[in-house]
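Enquirer: Listed below are the residues making up each chain.
There are 2 protein chains.
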Amino acid sequence: MYGRLITPEIEELIAARDFSTIREVILEFEPVELADLVSDLREENRVVVFRLLPKDVAAETFSYCERDTQQELLHDMAREEVGALLNDMSPDDRTQLFEDLPGNVVSELINSLNPEERSIALALLNWPEDSVGRLMTPDYVIIKKHWTVQQALDHIRNYGKHSETLNYLYVTEHGTLIDDIHIREILLSQADVLISDIMDEKVESLLATDDQETAVKAFRRLDRFALPVVDIDKKLLGIITLDDVLDIAEEQATEEMQRFGAVEALDDPYIDVPIIELIRKRATWLVVLFLGGFLTATAMSAFEATIEGAVILALFLPLIISSGGNSGSQAATLIVRALALGEVSLSDWWRIMRREIGVGFVLGLLLGVLGFARIMIGETIQGHYNPLVTPVVAVVISISLIGIVMAGTIAGSMLPLLMKRLGFDPAASSAPFVATFSDVTGIVIYFTIATLLLRGILL
Amino acid sequence: MYGRLITPEIEELIAARDFSTIREVILEFEPVELADLVSDLREENRVVVFRLLPKDVAAETFSYCERDTQQELLHDMAREEVGALLNDMSPDDRTQLFEDLPGNVVSELINSLNPEERSIALALLNWPEDSVGRLMTPDYVIIKKHWTVQQALDHIRNYGKHSETLNYLYVTEHGTLIDDIHIREILLSQADVLISDIMDEKVESLLATDDQETAVKAFRRLDRFALPVVDIDKKLLGIITLDDVLDIAEEQATEEMQRFGAVEALDDPYIDVPIIELIRKRATWLVVLFLGGFLTATAMSAFEATIEGAVILALFLPLIISSGGNSGSQAATLIVRALALGEVSLSDWWRIMRREIGVGFVLGLLLGVLGFARIMIGETIQGHYNPLVTPVVAVVISISLIGIVMAGTIAGSMLPLLMKRLGFDPAASSAPFVATFSDVTGIVIYFTIATLLLRGILL
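Sequence lines, in order, name chains A and B. FYI, my numbering numbers position 45 of the first sequence as 60, with every residue one higher than the one before it. FYI, my numbering numbers position 153 of the second sequence as 168, with every residue one higher than the one before it.
Please note that a few of the clues may not be correct.
Identical chains blur together in the list; that is why a pair holds if it fits in one copy or across any two.
Said to hold, decoys possible - Below, simulated DMTMM-like cross-link-like pairs (lysine to aspartate or glutamate); rule was C-alpha separation at most 25 Å, straight line:
1) LYS250 / GLU216
2) LYS232 / GLU43
3) LYS435 / ASP226
4) LYS70 / GLU292
5) LYS296 / GLU323
6) LYS232 / ASP83
The hints are simulated quantities; they were obtained by calculation from the structure and are not laboratory data.
Start from the sequences and build out the full structure, keeping to the hints where you can.
Expert: Right, dumping it as structure tokens:
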């Protein structure tokens, strides 16, 4: 937002090669604002601004840039500039950047790091993709239990500069994590108190091999800003901080919603995804649903005689089957979200089923009554009312609606649970998937009831 | 999770009135775990456990409990216990609790507070609902610019105990906020450095009258753990912390998804919402969509002669119109989410439209080709192939699919933007809404093409 306002000025200053004024202007901004500003500049000017930033500000600004901007910058910078920048980035941000780059580019970039940062980068990249290990940073402060609060404060002052967070200090013994101490405890204690006196020996930690979803859940449950990461022997390996977990959580929410809309998860913001990619991500599900949809034609053809005998039934078909799809989407939405938030679990299936049968019946009845009234009145107004046919058709539609809406709510609520049971993402039982499923059941229910009730009247 | 494991033991100990053992056991747990544990106990036992907790632990545990459990506990406690508990809660958590209670209960509870907490509670409740003011806490640490780092540390040690966070310290002059200082700066500076030397006089703040969505966006943009809240004159009123904002963000994501599934936002977790409420929240949209769906019957009746002449067209109707609904849901999902994340804005509408026309054409062509092949092969295998009719029907379906899928993607992408333009939530253009809209256009497109191409053949 700051970017767009001063972008023209910066571009002008660059054209005028007035670098000292630029430096003055940009140092007024925070890294997060600079990232905005840089991304609004023309590509050839971005590197110029980066070169004017102090090293640590440059690295932080770079972390806030969008992936695309980052990759363009890396491409435009000289080799030694790239090395310096990556050396100054925090290891967790750097790992996340590497994950999105092709393997050969990553190897080259890792070679540009200094030996110390290179071994950190390699250690982090050795953990499986989507594991907590990839999110860790090895920058944290360790204190010892026999120290006083004053010693801890002195230690922080001398060695805390590169720590990703000073919110928590970690107490280790021979490398094993034995406690985490909130900086608050240190700040509120007298200088001569021993660390062992404020320890509670209760520490929540994550395993480096845990998947990142576990980390999101742990942060949500524990309300922490940082959590330590250990190996199976409780050795402290690193910490992960809330900001990285928030990014992961937001990505997960987006993927969940996209999958629920029957789109494969996009890797980039919508507007940046190339059209061909956008097509590919949508084509798969659309084709699957389309081929599945041929079942509706198969179901319909079983009732061809009924339709030929009573074309009026076909007129109400889209209305009726879409009511099943709509009520199914509603149920699926509620259950998918409740599963994602951990509000319901698989073992609740019977409780959910009972609720949805009740809800489906009432909603179906409501639409049934409305449908009956609407058809009786509509046909009368249009002068199509036929005392032998119209009431029966209206009854067929009402009863079908009850059945179809119930089928929709049951399918919509149970399919996400079934998906989860089978090890898939519940959101894969998307609204369109539930709707297509409801279409087929809807056709069978509607025409079966019609065939039974209209026999001898229209058929 | 801890709760379920030891719940039976606690229940037994309560029955045996062995309160000292209970106290020992429960003090092993963190407040967040205690909240889990308490909610798993039988209602009459919950208060017993609460009475055994130290006052501050009780207040923190209470904050972590679900709303229902909180309300039951308040109901079961003696009046003075309630007062003590509420006095010890942090003001922001207390305000959020009050927001969900009926007005008369709130007045009674506020009267149970001590005078100091009462005036804080009243001040917070005076801000409009959903405003930043309601989320503030007045518990923060103020420092002065002429102090040294050591003076600041001493001040924190003496007065920081009740501060909601010690991550940021606020520098004020006559009540006006002039800077925020990260505790990191204090911890890393030498003891004799002046606060004014580490000040950068850059401070991001929120207005108490801003709505909570603004707060969520500011936290997302600035990557902060806490932000100060000021009035229009820059006077510091309070701070809001990331944990409260996260709760709001999660609520918003849930509401967005529910609205997108054509359900009015639920006030409580799915499984806790009474069935009657669940029906009410779903009935509104279902009825609106149902009544809107009658337009499909109207559209169909315009083509009654076409359907009577060529019942085969009706067989493929559900398949064809649902393809429009599915591609529309996909487009709407992507745009609603991109709007929520701020990836696209209204001014991008033409760029989005162009992309979606391209995507829609390719996807429609794909389904068209598949549909053509499937019908030609299917009718041949079933022995229904008619050299005069089948190829023409297949062509009608293919061309219709291109038109319908394009109509679906355009409607799905533009409706959320239109909603936003009109001041509604973009998620209100839900998947079922887009699908119903596509049904009507789909019917018109399909039968219009059919009437034109089949004239003289079947009609």
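Enquirer: Hint by hint, work out which the structure violates, then give me just those numbers in ascending order.
Expert: 4, 5
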